[in-house]
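Engineer: Below are the chains, spelled out letter by letter.
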Amino acid sequence: GDSVTQTEGQVALSEEDFLTIHCNYSASGYPALFWYVQYPGEGPQFLFRASRDKEKGSSRGFEATYDKGTTSFHLRKASVQESDSAVYYCALVSSNMGYKLTFGTGTSLLVDP
Amino acid sequence: EAAVTQSPRNKVAVTGGKVTLSCNQTNNHNNMYWYRQDTGHGLRLIHYSYGAGSTEKGDIPDGYKASRPSQENFSLILELATPSQTSVYFCASGDSDTIYEQYFGPGTRLTVL
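Quick mapping for you: the protein sequence lines, in order, are chains A and B.
Under this note's numbering, residues -3 to 109 are what the first sequence spells out, in order.
Under this note's numbering, residues 7 to 119 are what the second sequence spells out, in order.
Extracted from the complex, chain B is given alone in its bound form (with noise of 0.2 Å):
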């Protein structure tokens, strides 16, 4: 059974504080991806990853940084966390052999104040 995991699950945060969502996949899967999913804009894009050491952007990776040193951990880093990027985060891996079907964790939703 594929397996992606995240923590923390729930994270509070201050404005312009510095926060680490965490993912680890077990699925031996390629590449990875960071969402962030908002009320009427669904699921979008931040970073996704091919493979360990490798990061690329992704549709809205402003004020993101990512990071991916194994193939089974991918990162996604606020420097400075502002209250807009309050939202619901999830991680997903995914690989060719899949079709590029991906699996996803079960999200980490961070408020930032």
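Next comes chain A alone, as it looks inside the complex (with noise of 0.2 Å):
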């Protein structure tokens, strides 16, 4: 079936610090791709998607551009802020798994002031 990895459990940063968070997925036919955010004591919540090849998706100052060819869909921040600690999923949809979200296993980020 369909998957989703994120090699970093937890990410510890300085502000002012580039970000990036890996993601690369499995799955079967042309998936969307998605990252959510979630802040303590919250659901998550959607930040952006990509949909084709070599599409960027970005939001707040986030970005992550779908590469089909690596498999891949990295989050990456110029200058990260102490508000931008929270927990970061990648997603995918899939038609073959019936329009089903399934996410990655979150990445956990700290940002020191």
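Do not take every clue at face value.
To be verified - With a straight-line Cα cutoff of 25 Å, these simulated DSS-like cross-link-like pairs (lysine-lysine) come out:
#, chain 1, residue 1, chain 2, residue 2
1, B, Lys17, B, Lys71
2, A, Lys50, A, Lys73
3, A, Lys64, A, Lys50
4, B, Lys63, A, Lys96
5, A, Lys96, B, Lys71
6, B, Lys63, B, Lys17
Source of the hints: derived by calculation from the structure; they are not laboratory data.
Starting from two chains that each stand alone, build the complex the way the hints lay out.
Structural biologist: Given below as structure tokens:
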């Protein structure tokens, strides 16, 4: 079945550091890819999506580019802030799986001021 | 603004007891989902629904039932709760019009003693 792999369980940075969270996927068909963010005590919330190869999704200074060749959708931000501390989930939706979201295990980002 | 609410927000149950978690959405979305969130596993799909009267098994349905009596309401039922079902449960709604972007509720923390 479809799967999403996030290799970093935790990332610790200082303010203004560059952020990369890696996301790789395995899916039959042509999935849509998503990033969700979850702040403490809240449910996950949609950050952005990309639906086709080479498409860039972006929001709030975060961005990721759909790469079908490397089956990746890495999350990047040029300069993180303390308020970006949260858990980030990569996810995919595949029509072959009934349009259900398949999530990665999440990456906890902690940004020190 | 999309709105998904869950009740109760916190629940302590005894082993073998029956637990019902409720979810209400005012988005008029066709699809609703129940997930559980555990450290190291991320978000895992338990049951989902395509509309009133329908329920489908997700990736980890064992020990859970679901009920969708109306467009707005979706319940998760633990007939015989076990300590392994201690977790945080999230409800979400979504639709094809939003390219399956899902809106999550605030979560229910369930402890089974």
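Engineer: Now tell me, hint by hint, if it's right for this structure.
Structural biologist: Evaluated hints:
Of the pairs offered as hints, the one joining Lys17(B) and Lys71(B) holds, with about 18 Å between alpha carbons and a cut-off of 25 Å not exceeded. A C-alpha spacing of about 18 Å is found between Lys50(A) and Lys73(A), which places the hinted pair at or below 25 Å, so the restraint holds. For the given pair, Lys64(A) sits about 8 Å from Lys50(A) by alpha-carbon distance, which is consistent with the 25 Å threshold. The hinted pair formed by Lys63(B) and Lys96(A) meets the criterion: a straight-line CA distance of about 11 Å does not exceed 25 Å.
A threshold of 25 Å between alpha carbons decides the hint, and for Lys96(A) with Lys71(B) the separation of about 18 Å falls inside it, so the pair holds. Note on Lys63(B) and Lys17(B): the hinted pairing holds, with a Cα-Cα distance of about 24 Å set against a maximum of 25 Å.
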